[in-house]
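Sequences listed follow chains A and H, in order.
Taking this note's numbering, the leading residue of the first sequence gets 1, the next gets one more, and so forth.
Taking this note's numbering, the leading residue of the second sequence gets 502, the next gets one more, and so forth.
Rather than coming from a laboratory, the hints here were simulated on the basis of the structure.
Hints may be right or wrong, so weigh each one.
What the hints assert, rightly or not - Covered by chain H, according to a simulated footprint, are these stretches of chain A (three or more residues, beta-carbon under 8 angstroms):
#, segment
1, 219-231
2, 417-425
3, 440-450
Glycine included, every Cβ here is placed at the ideal spot set by N, Cα and C.
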Amino acid sequence: MIHYEGEGICGIHMSMEKQAVERARTAFLTRRSRPLEFRAQQLKALQRMITEKERDIAAALKLDLNKNEFQTPLYELVGLEGEIQLALEKLPEWAAPRTAEKTLLTISDEVYIQPEPLGVVLIIGAWNYPFALVIQPLIGAIAAGNAAVIKPSEVSEHTARLLGELLPQYIDKDLYPVVNGGVPETQELLRQRFDHVFYTGNCAVGKLVMEAASRHLTPVTLELGGKSPCYIDKACDLSIVCRRITWGKYMNCGQTCIAPDYVLCDQSIQSRVVEEIKKALKEFYGDDLKTSPDYGRMINQRHFKRVTALLEGETVALGGESDEADCFIAPTVLTGVTGSSKVMQEEIFGPVLPLVSVGSVDEAIRFINQREKPLALYVFSYDSKLIKRMIAETSSGGVTANDVLLHYSISALPFGGVGNSGMGSYHGKHSFDRLSHLRSCLIKSLNMEAVNKVRYPPHSAKKLSWARFFILKRVRLGTLGRLALLAAFVALAALVAQRFL
Amino acid sequence: MEKQAVERARTAFLTRRSRPLEFRAQQLKALQRMITEKERDIAAALKLDLNKSQFDSALFELVGLESEIQLALEKLLEWAAPRPAEKTLLTLLDEVYVQPEPLGVVLIIGAWNYPFALVIQPLIGAIAAGNAAVIKPSEVSEHTARLLEELLPQYIDRDLYPVVNGGVPETHELLMQRFDHVFYTGNCAVGKLVMEAAARHLTPVTLELGGKSPCYIDKDCDLSIVCRRITWGKFVNCGQTCIAPDYVLCDQSIQGRVVEGIRRTLLEFYGDDPKTSPDYGRMINQRHFKRVTALLEGETVALGGESDEADLFIAPTVLTDVPPHSRLMQEEIFGPVLPLVSVGSVDEAIRFINLREKPLALYLIKRMIAETSSGGVIANDMLLHYSISSLPFGGVGKSGIGSYHGKHSFERLSHQRACLIRSLTLEGMNKARYPPQEASKLRVAKYFMQKRLWTGGLCWVTLAVLAALLALALLIALLALILKGSEQ
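Go ahead and model the full structure; you've got the sequences and the hints to work with.
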């Protein structure tokens with residue numbers, strides 16, 4: 001990658017990254033990203049891009065991750081179209097001033113919260129859903145009126161290149177520049193000043209991103225990962241449970257941040273779990289997985305080696321085959337895995353599913369709580385009390401009970417992590433709020449100065465007790481309004497009755 | 502010792518006793534009792550630290566806290582309950598909700614200017630949200646710090662909410678520990694260090710910082726009222742308020758009248774000699790006294806300017822014709838010195854403000870709001886947005902990250918956990934998503950994923966249908982009643 005340097009305004013050599021950021025900031029300062037019409041127009045352009053270039057996007061994703069023409073729309077694009085639609089519909093509502101409850105002291109004033117753009121947002125994408133994980137935050141950034149510098153993951157190089165070509169053809173190229181590159185370019189970007197940094201990826205880099213952001217006091221959203229546990233209650237219809245788990249686990253060759261990482265279940269059902277997964281795999285991918293158009297590949301050799309190394313010394317109950325040249329790892333299930341196994345020390349992010357024995361729900365809860373808070377938690381049971389208990393006694397970014405992954409697809413639910421699995425959340429309105437500044441506004445008049453007297457020196461006990469009254473008395477305007485209305489209605493009714501009787 | 506306190510708090514949190522709403526309410530009521538029973542001691546400590554009068558203490562530190570506790574007690578059930586969220590067609594029959602949860606152990610680092618309030622207010626939020634909290638008062642306001650260490654364990658759970666006092670080394674040691682949230686009130690420089698330390702553990706932060714909060718005065722307004730409000734906001738606590746109007750922007754032609762207005766108000770508030778007024782505060786310590794008096798060098802003093810180092814007294818001071826590049830305009834003043842900077846128009850004022858870092862507060866006329874940014878904004882008054890708990894209080898850019906007060910404190914110190922509870926039936930609906938994939942399956946999947954329940958047209962249709970059904974049911978019931986009546 002040629003590192004291009006150009007001259008900035010003062011004739012000083014400026015890196016390409018810095019130039020892109022400065023251009024975005026200058027464009028933002030023209031205020032053209034603010035009008036709702038502009039934001040809607042850009043979102044519609046994004047929508048057009050997705051529709052018109054679906055083939056090119058699918059082709060890039062096939063080269064990067066062996067995703068096929070159906071998986072791409074299903075897992076990358078449909079969600080985005082839903083988000084764009086939602087944003088277009090709700091934009092006036094989201095961007096409007098939000099009334100806030102007044103105090104007695106401010107009863108005749110305007111009290112509201114005004115959402116505002118933050119400025120220039122840096123979006124750093126990940127390689128596993130390389131299109132979606134850049135476009136989805138971008139939708140939020142645009143909807144909130146920001147400029148955004150987009151840095152796709154270089155690991156998914158075909159998609160990165162495509163984004164660099166496509167985005168400037170459809171959306172404002174100064175407000176939303178794409179900056180491609182590897183580690184040095186990302187570091188250079190992180191040295192610049194942004195108004196928000198949105199990063200999707202792993203914990204180690206997440207820490208570096210937050211550290212870099214701290215130098216400018218820039219708020220961050222970190223969508224990280226972890227080991228998402230999946231608990232299976234003994235008394236379950238294992239065929240359905242295992243089909244759902246198989247779908248979520250082996251999609252994209254296990255490279256999904258909210259894939260069930262490992263299973264916790266009673267020893268006595270482990271072999272049936274293996275059997276059912278085997279059946280589901282056959283249903284999904286046929287007899288020869290390698291030839292199935294629906295089965296993905298590891299992103300690159302580094303991750304291929306990382307995941308195959310995790311199999312060493314483990315009991316392979318299913319799968320285990322691999323082909324380095326093809327970055328192919330067969331769907332694999334391991335049994336007899338303990339908490340101290342190597343495969344249990346890091347997020348697997350591959351098509352390997354360890355089954356860990358636990359004797360009871362209590363033991364499962366203890367196991368989960370001994371580890372870092374995961375991005376997702378899965379629990380399968382007919383017993384809703386058990387499900388509620390598991391939720392109440394653990395923590396995670398999100399939870400889906402009796403299925404996997406789906407909480408991701410509901411835009412009303414905030415999607416994000418907690419603890420090591422991340423900070424902040426997005427999707428739907430949450431994206432808009434996350435990438436806005438919610439500014440408190442109080443518009444008083446220059447009248448009613450008499451009321452203010454209680455706050456001015458010289459102070460006295462009497463003034464203080466009045467001030468206390470004004471501050472502590474909260475007004476439920478809703479009830480007050482309703483009572484007033486009722487009183488007026490009764491008065492009117494009495495008047496009418498008197499008149500006509 | 503710091504590490505021990507944190508570990509004790511974490512162990513206490515893991516017993517889950519901070520979670521039941523009854524416990525949280527009990528702790529909040531205990532805090533309330535502490536404020537009521539120990540008001541004198543609190544006022545005494547604040548007098549020693551900042552020469553606050555007992556009324557100032559009550560007004561600016563305590564009443565707001567009582568209000569917040571009241572609000573939390575009243576709303577806790579509502580805030581902590583699961584919040585249903587809008588479903589998709591695919592999840593129509595499922596439970597979809599957001600469950601607020603405690604984060605764990607929160608570190609609260611207080612500031613010295615409102616040393617009681619700026620520790621207790623975040624603590625209210627932390628307790629309401631079910632967390633444990635390690636409290637680190639500012640060592641600069643030493644009397645209040647010592648009092649907090651004595652009082653809090655007498656009223657609230659001492660393991661869940663330990664107080665750790667100390668200076669820079671102790672704070673540094675605390676910041677090396679792992680927390681689930683760090684809540685810091687103070688200045689930008691330390692704010693960066695706090696965030697950097699938090700980054701090592703991927704701990705989210707709330708930073709309530711500061712900046713130079715501008716105050717624009719329009720030529721055509723009742724200057725007597727304006728000046729009274731500005732005087733109140735500026736000189737309370739001897740100018741040591743994070744949202745005090747730092748400097749004034751106004752037309753050259755009204756500067757003289759502004760000075761006059763402030764002079765008259767000062768007389769009203771503090772009498773002839775502010776030094777003897779029980780309501781006029783003092784600088785917190787020598788370091789800040791020297792810092793602020795140094796800012797006066799070379800400036801045109803229109804009012805005040807007197808100072809007494811032994812008493813940490815700086816008279817309410819107004820400076821006129823302050824050039825934008827003067828030293829005074831480069832840092833947050835945080836003292837009783839008010840520069841007046843000339844601007845020729847609203848546009849010039851907006852430009853001036855936008856050339857600088859986003860402040861914590863902006864005081865201006867309504868039409869300037871859209872073209873500027875700040876943590877919060879008030880037109881025609883000072884400080885008051887702080888006292889409205891429905892408004893999120895916090896900064897943006899260099900003035901801070903995150904916000905709190907009222908429900909916002911609860912939200913900030915909770916994890917909003919997305920929950921989807923499905924059933925193990927209706928597997929037929931899922932078929933469209935499973936491989937082997939094909940075009941027809943994709944169409945079905947797309948339909949279910951994209952269709953939202955309460956979209957415009959669908960919403961009205963649904964409501965119309967429901968209304969019609971209801972009307973029909975009522976009609977049937979009515980007919981049934983009539984028929985029954987006629988039978989008899």
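Check each numbered hint from earlier against the structure, then list the numbers of those it violates in ascending order. none
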